[in-house]
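J.: Sequence:
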Amino acid sequence: MNIALCGGGTAGSVTPLLALWDELHIDQPRHSFLFVGTRSGFPEREMVSECHIPFTTLISGKFRRYLSLQTAVAPFLVAVGFIQAVVIFMRFQPDVIIAAGGYVSVPCVWAGWLLGKKIVFHQPDVKPGLSLAMSHYCCTKITTGFQATVDRIPGAKAIWTGNPTRVYARQGSKDLPSFPENLPLLLITGGGTGSLFMNKVLGGSLPHILERMNVTAITGKNKSPGFTANKRLRQFEFLKPRQLYQALATATIVVSRAGASILSELSDLRKASILVPLPHSPQEDNAALFSASHAAVVISQEEFSSSRLSREIDRLLQSPDDRAGLERAIARFSKPGSGKMIASIIRSLGSV
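Residues 2 to 353 in our numbering are what the sequence shown spells out, letter by letter.
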């Protein structure tokens with residue numbers, strides 16, 4: 002079976018695609034795969050490279066919910082991407098196309114529909130994005146990361162599967178450097194492309210936090226504010242999925258954006274978490290759901306400061322009961338077997 006994986010621009014759309022590749026590749030290594038990413042290829046090219054999946058890119062425009070020159074140009078870029086996707090799929094001849102959000106998925110889904118291909122769209126966030134709104138009528142099946150999303154999608158194509166997490170990553174890894182002192186560990190990440198804002202907030206609170214904890218900071222490419230070297234601090238621009246899973250698994254407290262993929266892993270690992278959703282993005286709906294369920298501490302970017310971060314860290318360190326309550330609540334969002342469920346849907350469509 003030939004399978005095309007379409008997504009990119011953020012790690013949030015790439016991670017579930019690679020999780021599905023894990024399931025399908027392990028189950029039947031003779032499947033042929035092609036990953037279609039964004040023109041920039043970041044971060045998907047680096048994430049896909051370790052899987053040795055053939056990789057290609059296309060041009061596509063990003064539609065924004067506000068007026069800008071980029072929004073005005075977007076329809077023309079999508080049209081170019083659509084033509085490129087038609088050519089790519091005519092050559093590769095996929096039996097099933099899998100998209101996971103992001104603006105690169107729109108021309109791929111449209112091209113697949115024109116060519117009569119089976120299409121599975123995975124919606125990882127609580128709130129369906131513009132890419133799904135523009136292409137849901139072309140999809141054969143739509144899978145969702147959260148149960149609350151199903152009723153937001155028109156028609157009867159949607160099914161709640163949960164967000165798949167990487168299979169091989171769950172096997173663990175020991176390739177991150179250890180700390181000389183056995184202290185509680187704080188992991189802070191601004192998402193797949195990093196967050197200069199979150200890094201600056203961390204920089205202001207680091208002296209206080211490092212008195213109590215080891216810290217692993219994933220800053221993003223070229224977004225480090227230049228932390229002072231410290232034996233209790235490990236700083237990375239980017240971690241591959243296996244390494245990120247190890248960092249999450251060993252953390253006592255996690256401070257993170259609220260992307261669907263990282264939330265799924267936090268739920269699987271039962272981690273006490275502080276979420277700082279990216280403003281004006283689907284992350285705000287994700288974080289609101291976790292906040293309403295008391296599954297995480299949620300701080301808006303407007304209220305996220307060095308002093309607030311220090312206070313929340315101190316509170317969670319000093320109250321094991323509070324941490325345990327967050328761990329129990331976030332675990333309720335875990336849906337084991339989601340990757341196998343979606344892989345089963347894909348295999349059934351490929352055999353039709």
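Possibly wrong hints are sitting among the right ones.
For lysine-lysine, the following BS3-like pairs were computed, each having C-alpha atoms within a straight-line distance of at most 30 Å [to be verified]:
(1) Lys222 x Lys63
(2) Lys128 x Lys63
(3) Lys336 x Lys158
(4) Lys142 x Lys341
(5) Lys128 x Lys201
Label-pair ranges, simulated between beta-carbon atoms [claimed, not checked]:
(6) Thr57 x Pro321: 47 to 57 Å
(7) Asn231 x Ser352: 21 to 31 Å
(8) Met2 x Arg46: 43 to 53 Å
No lab work stands behind these hints, which were simulated from the structure alone. Backbone N, C-alpha and C define an ideal beta-carbon position, used for all residues, glycine too.
J.: Are there hints from earlier that the structure breaks, and if so, what are their numbers?
T.: Result: hints 7 and 8 break, sorted rising.
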